[in-house]
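**Q** Model the placement of chain B on the given structure of chain A, informed by the hints.
2 protein chains.
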Amino acid sequence: MSSNLGIPTRESNYADWYNELVVKADLADYSPVRGCMIIPPHGFALWENMQRALDDMIKETGHQNAYFPLLIPKSFFDKEADHVEGFAKECAVVTHHRLTKSADGKSLIPDPEAELEEPLIIRPTSETIIWNTYKKWIQSYRDLPILVNQWANVMRWELRTRLFLRTAEFLWQEGHTAHTTYEEADAEALTILHDVYSKFAEEWMAVPVFRGIKTKSETFAGASHSYCIEAMTQDLRAIQAGTSHHLGQNFAKAFDVQYQSAEGKLEYVYATSWGVSTRLIGTLIMAHSDDKGFVCPPKLAPIQVVFVPMGKAEGLEQTTAVAKDLAAQLKAKGIRVKVDDRAKESPGFKAKHWEMRGVCMRVDVGGRELEAGELGVSRRDEDEKQMVTTGSVVDHVTAQLAAMQGDLFTKALAFREANIHRIDTWDAFAKQFDGEGGGGFVLAHWDGTAETEEKIRELTKASIRCIPLNHEKPEDGQPGKCVLTGAPSQQRVVFAKAY
Amino acid sequence: MSSNLGIPTRESNYADWYNELVVKADLADYSPVRGCMIIPPHGFALWENMQRALDDMIKETGHQNAYFPLLIPKSFFDKEADHVEGFAKECAVVTHHRLTKSADGKSLIPDPEAELEEPLIIRPTSETIIWNTYKKWIQSYRDLPILVNQWANVMRWELRTRLFLRTAEFLWQEGHTAHTTYEEADAEALTILHDVYSKFAEEWMAVPVFRGIKTKSETFAGASHSYCIEAMTQDLRAIQAGTSHHLGQNFAKAFDVQYQSAEGKLEYVYATSWGVSTRLIGTLIMAHSDDKGFVCPPKLAPIQVVFVPMGKAEGLEQTTAVAKDLAAQLKAKGIRVKVDDRAKESPGFKAKHWEMRGVCMRVDVGGRELEAGELGVSRRDEDEKQMVTTGSVVDHVTAQLAAMQGDLFTKALAFREANIHRIDTWDAFAKQFDGEGGGGFVLAHWDGTAETEEKIRELTKASIRCIPLNHEKPEDGQPGKCVLTGAPSQQRVVFAKAY
Numbered sequence: 005m006s007s008n009l010g011i012p013t014r015e016s017n018y019a020d021w022y023n024e025l026v027v028k029a030d031l032a033d034y035s036p037v038r039g040c041m042i043i044p045p046h047g048f049a050l051w052e053n054m055q056r057a058l059d060d061m062i063k064e065t066g067h068q069n070a071y072f073p074l075l076i077p078k079s080f081f082d083k084e085a086d087h088v089e090g091f092a093k094e095c096a097v098v099t100h101h102r103l104t105k106s107a108d109g110k111s112l113i114p115d116p117e118a119e120l121e122e123p124l125i126i127r128p129t130s131e132t133i134i135w136n137t138y139k140k141w142i143q144s145y146r147d148l149p150i151l152v153n154q155w156a157n158v159m160r161w162e163l164r165t166r167l168f169l170r171t172a173e174f175l176w177q178e179g180h181t182a183h184t185t186y187e188e189a190d191a192e193a194l195t196i197l198h199d200v201y202s203k204f205a206e207e208w209m210a211v212p213v214f215r216g217i218k219t220k221s222e223t224f225a226g227a228s229h230s231y232c233i234e235a236m237t238q239d240l241r242a243i244q245a246g247t248s249h250h251l252g253q254n255f256a257k258a259f260d261v262q263y264q265s266a267e268g269k270l271e272y273v274y275a276t277s278w279g280v281s282t283r284l285i286g287t288l289i290m291a292h293s294d295d296k297g298f299v300c301p302p303k304l305a306p307i308q309v310v311f312v313p314m315g316k317a318e319g320l321e322q323t324t325a326v327a328k329d330l331a332a333q334l335k336a337k338g339i340r341v342k343v344d345d346r347a348k349e350s351p352g353f354k355a356k357h358w359e360m361r362g363v364c365m366r367v368d369v370g371g372r373e374l375e376a377g378e379l380g381v382s383r384r385d386e387d388e389k390q391m392v393t394t395g396s397v398v399d400h401v402t403a404q405l406a407a408m409q410g411d412l413f414t415k416a417l418a419f420r421e422a423n424i425h426r427i428d429t430w431d432a433f434a435k436q437f438d439g440e441g442g443g444g445f446v447l448a449h450w451d452g453t454a455e456t457e458e459k460i461r462e463l464t465k466a467s468i469r470c471i472p473l474n475h476e477k478p479e480d481g482q483p484g485k486c487v488l489t490g491a492p493s494q495q496r497v498v499f500a501k502a503y
Numbered sequence: 005m006s007s008n009l010g011i012p013t014r015e016s017n018y019a020d021w022y023n024e025l026v027v028k029a030d031l032a033d034y035s036p037v038r039g040c041m042i043i044p045p046h047g048f049a050l051w052e053n054m055q056r057a058l059d060d061m062i063k064e065t066g067h068q069n070a071y072f073p074l075l076i077p078k079s080f081f082d083k084e085a086d087h088v089e090g091f092a093k094e095c096a097v098v099t100h101h102r103l104t105k106s107a108d109g110k111s112l113i114p115d116p117e118a119e120l121e122e123p124l125i126i127r128p129t130s131e132t133i134i135w136n137t138y139k140k141w142i143q144s145y146r147d148l149p150i151l152v153n154q155w156a157n158v159m160r161w162e163l164r165t166r167l168f169l170r171t172a173e174f175l176w177q178e179g180h181t182a183h184t185t186y187e188e189a190d191a192e193a194l195t196i197l198h199d200v201y202s203k204f205a206e207e208w209m210a211v212p213v214f215r216g217i218k219t220k221s222e223t224f225a226g227a228s229h230s231y232c233i234e235a236m237t238q239d240l241r242a243i244q245a246g247t248s249h250h251l252g253q254n255f256a257k258a259f260d261v262q263y264q265s266a267e268g269k270l271e272y273v274y275a276t277s278w279g280v281s282t283r284l285i286g287t288l289i290m291a292h293s294d295d296k297g298f299v300c301p302p303k304l305a306p307i308q309v310v311f312v313p314m315g316k317a318e319g320l321e322q323t324t325a326v327a328k329d330l331a332a333q334l335k336a337k338g339i340r341v342k343v344d345d346r347a348k349e350s351p352g353f354k355a356k357h358w359e360m361r362g363v364c365m366r367v368d369v370g371g372r373e374l375e376a377g378e379l380g381v382s383r384r385d386e387d388e389k390q391m392v393t394t395g396s397v398v399d400h401v402t403a404q405l406a407a408m409q410g411d412l413f414t415k416a417l418a419f420r421e422a423n424i425h426r427i428d429t430w431d432a433f434a435k436q437f438d439g440e441g442g443g444g445f446v447l448a449h450w451d452g453t454a455e456t457e458e459k460i461r462e463l464t465k466a467s468i469r470c471i472p473l474n475h476e477k478p479e480d481g482q483p484g485k486c487v488l489t490g491a492p493s494q495q496r497v498v499f500a501k502a503y
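Protein chains in written order, with my numbering: chain A, 5 to 503; chain B, 5 to 503.
Take the hints with a grain of salt, since some may be wrong.
It does not matter which identical chain is meant; a pair holds if it fits inside one copy or across any two.
[Said to hold, decoys possible] DSS-like mimics (lysine-lysine), calculated; alpha carbons at most 27 Å apart, straight line: (1) LYS335 - LYS348; (2) LYS63 - LYS28; (3) LYS220 - LYS83; (4) LYS316 - LYS354.
Think of the hints as simulated: they come from the structure by calculation, not from any bench.
Model, not experiment: these values are computed from the prediction.
Chain A extracted, bound-state conformation (with noise of 0.2 Å):
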């Protein structure tokens, strides 16, 4: 059921398809080091181009990037109660800090006599060793708000490791920021998801998503409360994409952290703490790609327009000079170009490879068509190759590359209103995530118990993505009745199977 390229259709088997483009793409494949990825060029030059867009979003809201210790001593995880619980489980530790011969000299093990004092833990996260020196940072409101980002890699030993979905080192930006109210952190958190996560993902991942509040059972461990953005993928699950947290003062009185107000009073300061992750590079495969491979956004792709000429001897020069002297008209405007001009491969292969890399637009520049005046011009996203006259091509390509952005949002949109189900009855509930497959996104009532939230996950695998902040309809903000328990209910929630 695979196909002619050799990975498996979505419908044949989704976990494989997603698996094998990854790896075929050049978008990450797996290292001798467990659950820890390697991203080749290809990949990471998306990463780059998501990077320069978040980090452009992040310093336009005011924020600055700082840079703080890969490793954190242990007793500062003891600090934060929640905060240990979540993470003392999955942790990378570090005890020696030096290799020596063993005993019998013929391999290397860590030195007994170079064991450190105190354990250090690799980041997970870095709340801790950032409130550590905020600490230092902050006396006086006047020092406040900080408004801090960083970019580093984290680790977290995760048990099951997927490509960008969940690998035990990833990529990330934490955002860490200190206020003098609660409301004012309220606000920032909010900020973050709407006017950077939340554009990001839908202007240029193309990818719509639910913003909301997570419940008391999917909250960071450490925080006050969590708001997120949860997208959906075409095996009907939902990803969620990023996460921004209220912390309130717990990591300010885990750390000590007090200013003098302007009054002279010593308060605790209030935080918040926001992340992505290359886990985003996992939504936007699972948004928009096909069964011929990966299928990129314009806005993000690493490689926009391919061009590939054709023939042979004098034609092949002939075509290979146009191609190139077009390829510098839109390199010159701005747009990522490539000329494959490889000798020993055929166009056939080489439309394949640039489709499964998710090349968002491949112009042939055949030797006849030449002649004629025309070039065939192919949208990844659609099936028919276009005839554009030669002239016209930089203009096309341009306009097409701009619609195929919004075409693919569109697209996705429709998708997931397709299959977001409003659902009353416990019946037709349990029945609509029934089964291997995911069950789309179920807006349904819930008496807003941990309970209750439990017994459903239990019962279907199913589990609150959100309490929705943006709603699709007014009327899903209104009351009803729980699903399962009947009991009151204030609005309907996101219930789904998560990635």
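**A** Relative to chain A, chain B alone:
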């Protein structure tokens, strides 16, 4: 003997001057983790500017970025004998993947049941994990060259650390390339040395450098030979600012990376690796800064111009409005500006605050001066404030930023030239390096043996920084007699005490 801002003068205590400047200029700070630094926003903005410029140059020379795992299996280290010798003694070793409660329940300990089968090393550099990957990527000559770079954090458990100059964790880029021939790999290593590192040091950092080859004793662990750039500090020592290594076939053989040549033969691949790190920031600080604090070349400065509006009440409103208007005009020209409108700080405090942090130009917007149609403009590297008509401030500042970039380089070059000594007798040589001071760069003849090199190091603490490729004077490249042994020498080499 400390200046009025509380940092020692360079003359009174150069080491303390550096250490205190780094912290007080908000460039870096100590962390609770031994040898690991915190880079606050101001210092990180500087690093981002350096990264951006370097990254552009690395890409312009045909390289792509990628990412490889933070952790390296211990067994990989065993594969290249020199390499393991160079790094095993100073590496952070991960031995457990979980913390658990201690027997008394009071603290966390590495869970004995979660000990790793094979310890993992936090990368001190990535040759081993990358060459293990290249084995997969390389089959045919058509897969070559591979031109890959990685931006990453690395860890070397150094005994004595200093902010930026030598830290346990540091940020860097590491390039790793693979080639079919020895000559192509050498050309690659030299391209990086000349067209990236040397160019960046001189044109962006305004720091003149010697480009050269390392002697065998200073060659990278696992390399065939190492190229380097060496700069001079104000205390007359050498600082190695970047290295570019020809790895020969050492790693290809250690990891069995062979390719099929065009003739169908199996051949081992040739390799290079090259890196610059946050150590460049230390180099930059040492090159230009003064007793008032950090002096930064405009091309890299996080803030190029600061406006200080003065006066009270309505007067202050007016000067602030003028400052903001001029700042907006400069910003539109791509210049990094700040208006310091803090209400509670005096203009004198602000001037010193920004001097310490290396802002290139300050514009004082005084009420009386404004009425007279003039503003006071100060350049960080000059003592005199200039009065400039308000209408020409934008042009003046723009021109002076360009001039300052050139002037810093000229000044650093003149300083270096004044401290280069061509010495041909042992007495004079020994005297030049006598005492605790630096001694500058001595261009002297050397007989090419490791014994003489080591003997000179023992006697004077001066080492051979490089065998230069670029000569200050052509005659420096002519043969002569070793300054210690009198044996024949091919050219003068650079001796200095080194950081």
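**Q** Does each hint fit the structure? Answer for all of them.
**A** A quick look at each hint next to the structure:
Taking the shortest Cα distances, LYS335 and LYS348 sit within 27 Å of each other inside one copy (26 Å), while across copies they are farther apart (50 Å). Taking the shortest alpha-carbon separations for LYS63 and LYS28, only the inter-copy value of 24 Å comes in at or below 27 Å, while the best intra-copy value is 34 Å. Only within a single protomer do LYS220 and LYS83 lie at most 27 Å apart by alpha-carbon distance; the minimum there is 21 Å, versus 50 Å between protomers. Proximity of LYS316 to LYS354 under the C-alpha cut-off of 27 Å is restricted to the intra-copy arrangement: shortest distance 16 Å within a copy versus 69 Å between copies.
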